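Student: Dock chain B against chain A, hints included.
There are 2 protein chains.
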Amino acid sequence: MARVSPIRTAEIVAVGSELLTPHRSDTNSLWLTGRLNDLGIDVRLKSIVGDDAADLESVLRLALARAELIITTGGLGPTVDDLTRDVAARVTGRTLELNEGVLEKIRSRFARRGLPMPETNVRQAMVPSGAALLPNPVGTAPGLWIETDERVLLLLPGPPRELFPLFDAQVQPRLAERNGAQRLRRRVLRLTGLSESAADERAQPVYSGFLSETIPIQTTILATPGQIELHLTAAGAGPEALDAALDSGVRRLADALRDHLISEDGRTLEQVVGELLEARAMRIAVAESCTGGIALGRLTDVPGSSAWVIGGIVAYDNAVKIAELGVSPALIEAHGAVSEPVGQAMAAGVRERLGADVGVAITGIAGPTGGTPAKPVGTVVIALDGPGRVVRTFAFAGDRSMVRVQSVAAALNMVRIALTSS
Amino acid sequence: MARVSPIRTAEIVAVGSELLTPHRSDTNSLWLTGRLNDLGIDVRLKSIVGDDAADLESVLRLALARAELIITTGGLGPTVDDLTRDVAARVTGRTLELNEGVLEKIRSRFARRGLPMPETNVRQAMVPSGAALLPNPVGTAPGLWIETDERVLLLLPGPPRELFPLFDAQVQPRLAERNGAQRLRRRVLRLTGLSESAADERAQPVYSGFLSETIPIQTTILATPGQIELHLTAAGAGPEALDAALDSGVRRLADALRDHLISEDGRTLEQVVGELLEARAMRIAVAESCTGGIALGRLTDVPGSSAWVIGGIVAYDNAVKIAELGVSPALIEAHGAVSEPVGQAMAAGVRERLGADVGVAITGIAGPTGGTPAKPVGTVVIALDGPGRVVRTFAFAGDRSMVRVQSVAAALNMVRIALTSS
Numbered sequence: 046m047a048r049v050s051p052i053r054t055a056e057i058v059a060v061g062s063e064l065l066t067p068h069r070s071d072t073n074s075l076w077l078t079g080r081l082n083d084l085g086i087d088v089r090l091k092s093i094v095g096d097d098a099a100d101l102e103s104v105l106r107l108a109l110a111r112a113e114l115i116i117t118t119g120g121l122g123p124t125v126d127d128l129t130r131d132v133a134a135r136v137t138g139r140t141l142e143l144n145e146g147v148l149e150k151i152r153s154r155f156a157r158r159g160l161p162m163p164e165t166n167v168r169q170a171m172v173p174s175g176a177a178l179l180p181n182p183v184g185t186a187p188g189l190w191i192e193t194d195e196r197v198l199l200l201l202p203g204p205p206r207e208l209f210p211l212f213d214a215q216v217q218p219r220l221a222e223r224n225g226a227q228r229l230r231r232r233v234l235r236l237t238g239l240s241e242s243a244a245d246e247r248a249q250p251v252y253s254g255f256l257s258e259t260i261p262i263q264t265t266i267l268a269t270p271g272q273i274e275l276h277l278t279a280a281g282a283g284p285e286a287l288d289a290a291l292d293s294g295v296r297r298l299a300d301a302l303r304d305h306l307i308s309e310d311g312r313t314l315e316q317v318v319g320e321l322l323e324a325r326a327m328r329i330a331v332a333e334s335c336t337g338g339i340a341l342g343r344l345t346d347v348p349g350s351s352a353w354v355i356g357g358i359v360a361y362d363n364a365v366k367i368a369e370l371g372v373s374p375a376l377i378e379a380h381g382a383v384s385e386p387v388g389q390a391m392a393a394g395v396r397e398r399l400g401a402d403v404g405v406a407i408t409g410i411a412g413p414t415g416g417t418p419a420k421p422v423g424t425v426v427i428a429l430d431g432p433g434r435v436v437r438t439f440a441f442a443g444d445r446s447m448v449r450v451q452s453v454a455a456a457l458n459m460v461r462i463a464l465t466s467s
Numbered sequence: 046m047a048r049v050s051p052i053r054t055a056e057i058v059a060v061g062s063e064l065l066t067p068h069r070s071d072t073n074s075l076w077l078t079g080r081l082n083d084l085g086i087d088v089r090l091k092s093i094v095g096d097d098a099a100d101l102e103s104v105l106r107l108a109l110a111r112a113e114l115i116i117t118t119g120g121l122g123p124t125v126d127d128l129t130r131d132v133a134a135r136v137t138g139r140t141l142e143l144n145e146g147v148l149e150k151i152r153s154r155f156a157r158r159g160l161p162m163p164e165t166n167v168r169q170a171m172v173p174s175g176a177a178l179l180p181n182p183v184g185t186a187p188g189l190w191i192e193t194d195e196r197v198l199l200l201l202p203g204p205p206r207e208l209f210p211l212f213d214a215q216v217q218p219r220l221a222e223r224n225g226a227q228r229l230r231r232r233v234l235r236l237t238g239l240s241e242s243a244a245d246e247r248a249q250p251v252y253s254g255f256l257s258e259t260i261p262i263q264t265t266i267l268a269t270p271g272q273i274e275l276h277l278t279a280a281g282a283g284p285e286a287l288d289a290a291l292d293s294g295v296r297r298l299a300d301a302l303r304d305h306l307i308s309e310d311g312r313t314l315e316q317v318v319g320e321l322l323e324a325r326a327m328r329i330a331v332a333e334s335c336t337g338g339i340a341l342g343r344l345t346d347v348p349g350s351s352a353w354v355i356g357g358i359v360a361y362d363n364a365v366k367i368a369e370l371g372v373s374p375a376l377i378e379a380h381g382a383v384s385e386p387v388g389q390a391m392a393a394g395v396r397e398r399l400g401a402d403v404g405v406a407i408t409g410i411a412g413p414t415g416g417t418p419a420k421p422v423g424t425v426v427i428a429l430d431g432p433g434r435v436v437r438t439f440a441f442a443g444d445r446s447m448v449r450v451q452s453v454a455a456a457l458n459m460v461r462i463a464l465t466s467s
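Chains as they are written, first to last, in the numbering used here: chain A, 46 to 467; chain B, 46 to 467.
This is chain A alone, in the form it adopts within the complex (with noise of 0.2 Å):
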């Protein structure tokens, strides 16, 4: 067998018009993304082409210019609309022969289920010269194997049920034995209570370096509301050494963001506040109120909460505060619902009038009504009462579902540090 190198990139390419509707997406290639990383092979690009030959052509030509692997998904069927063993043929520049094994293959297919097969059914069996096949145990169409020119054209069936077991089967092996040892390791950091410009103000100075290490290590910055990703990746041989070099890389990382950093392997902010509550026999309670009880419905996402949640009491009306929450109607008149003084007392009376170690209040202003000069859209006050008392007021972006999703983040972020630091 003559020496091939190991393949390092791969774009995927999945052929069908129902993926350019609003309402289906291509999920195929999460799937395939993942399988490709554990054998070291870093996705470049997708492209997600209709059943139109010269789209799907143009597509092809620039992908087999650019990666070492290209899959495609889908496009194999037996109707006019499955152009991909056509295409596919026309830009590797072989012809498409009958393949009589194939065909009896679908033919005794049918037969099992008493059926003739239809004609249709004969461009399944077209196969472009040279390419190897990949029997499909489940469906009709083979997946096939085209090498070109030092690189890899793979042809596969789009119906997840027939896609994931060929690979598996047929793809996975011969890939893994291509690339030997060689393997892709990722670790994600999960970040809070600062924006995305400013963690990447605190980690740029750190992972500036990365590239130039020994093993070189690629740094993603991902945002979404209330919470920042930081994505580790390195490529190589030898498992070992890869996450060595990540341990290492995580750890500086980590020293450079302290307080924001919720986790080092993914773990989201509420599990990470469960765990410390759980290791300290500790049971919290939370008061709502701009929030509306979201954050009671992040902390009970978590499977086995009730070990450590009570409950809470969502006091979106005054009243509610009053009457529920014990907070004195003087102390919201002279300074209103929101406020450090009301915030501190909804956490206290939640902590005291459902029994729990630590108590958390929101109270602000999540719009887009109700804001005023002093207190603007986005004025939130959270405050702690258990493991000391703690109370802050923020000043949030963003409309009514940004306020209250921040809002939300912040106040976990401050229960998961006042019990690491406890």
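Hints were generated in silico from the structure; no laboratory data involved.
Warning: the hint list may mix true and false statements.
Here are the in silico distance ranges between beta carbons for each label pair [as the list claims (entries may be wrong)]:
1. B:Arg-296 x A:Gly-400: 53 to 63 Å
2. A:Ala-282 x B:Arg-53: 46 to 56 Å
3. A:Glu-397 x B:Glu-378: 18 to 28 Å
4. B:Glu-323 x A:Pro-210: 34 to 44 Å
5. B:Pro-180 x A:Ala-299: 32 to 42 Å
6. B:Ala-301 x A:His-380: 47 to 57 Å
7. B:Glu-320 x A:Ser-373: 27 to 37 Å
Straight line, CA to CA, 25 Å or less: simulated SDA-like cross-link-like pairs of lysine to any residue [unchecked claim]:
8. B:Lys-150 x B:Ala-177
9. A:Lys-420 x B:Arg-158
10. A:Lys-420 x B:Pro-182
What you are looking at is a predicted structure, and each value in this text was computed from that prediction instead of being measured.
The C-beta atom is built at its ideal place from N, Cα and C for all residues, glycine as well.
Tutor: Coordinates of chain B only, in the frame set by chain A:
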């Protein structure tokens, strides 16, 4: 203004290395496809590119050779990873220029939050020469509209909360003006409380005739946990005729699906419940056990919900059911916490304690643990106290999060039905 031809085809390019991992998919393009279809524009191809200038450049060059409208999402952030502006300028032969107006807006956004602008954010004020600015009401990066050789290259931010309002306020009107009367109209019927196949069984006799009518109507059925959507679309030149055809189709479907129909215009269940409560000058309180605050979180998502939500009690622990909702320990002892008598006591308790007109209670077993042969995971009791008394026990399928979502939908739908018939 020069006469310009309508736009019929578009390509969407999603930019961001995180979209090439196994864990994240591009969902913006689904939303955008819906909006573009409404304007009679067909999406022909989608690409997903990492934060890599060479790859983005080759994809954009090919797209500009093929489609009339190219929309990029993402890569407009403040970090060195964010390359879309630079590459777009290169492929259209423009220079990047600092726009003082944009810079000033970014600076004042930071100033309003009492923060200095990080130096990196200057990147977001760089604009390809000749590009039209599309103000971003939510974030720092404006959208950019670049016309080149009869084609439009449109750079939009990646975060959905910035992308969606920016598209609707700035892009939709420009495209609508350009495309004239050619339209694709859509109606969305929201249903709840029945399975996808049950919905289809009832709707199919009605919609089966839709395609052979003078103005054919396409019907698509779409299921998410706790909710079914029927999308009706009609395409053609006269918006009025399309609307009339769709109205007639909606009326006939609504008759077949009564009781399960939440809205005919895309309003959410919580909006409909809020409107019903507000019209009756009633206020609601919710007692949640297994749903842990999600029902209240959903109700308070609606702007202005303080007019009709008082608040609620999240009684995750039985002690809270007893102390805060006045459920008798003997009742829990006799029937269990997940039982119709306890559900009714919780609903009455939250209504009385919080002084509401309508009390709702949800108590159940969301899993993954806690199920018994008599009350397996998915058993959920929902009770209503207020406009009559109702209690029902449901058996929901699916995992923890699915059981919780379905429970909330069922509870809100019980309120809707009770208020509609009262």
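Student: If a hint holds in the structure, say so; if it does not, say that too.
Tutor: Evaluation of the provided hints:
{"no.": "1", "hint": "B:Arg-296 x A:Gly-400: 53 to 63 Å", "in the structure": "holds (55 Å)"}
{"no.": "2", "hint": "A:Ala-282 x B:Arg-53: 46 to 56 Å", "in the structure": "holds (50 Å)"}
{"no.": "3", "hint": "A:Glu-397 x B:Glu-378: 18 to 28 Å", "in the structure": "holds (26 Å)"}
{"no.": "4", "hint": "B:Glu-323 x A:Pro-210: 34 to 44 Å", "in the structure": "violated (54 Å)"}
{"no.": "5", "hint": "B:Pro-180 x A:Ala-299: 32 to 42 Å", "in the structure": "holds (38 Å)"}
{"no.": "6", "hint": "B:Ala-301 x A:His-380: 47 to 57 Å", "in the structure": "holds (55 Å)"}
{"no.": "7", "hint": "B:Glu-320 x A:Ser-373: 27 to 37 Å", "in the structure": "holds (35 Å)"}
{"no.": "8", "hint": "B:Lys-150 x B:Ala-177", "in the structure": "holds (16 Å)"}
{"no.": "9", "hint": "A:Lys-420 x B:Arg-158", "in the structure": "holds (12 Å)"}
{"no.": "10", "hint": "A:Lys-420 x B:Pro-182", "in the structure": "holds (20 Å)"}
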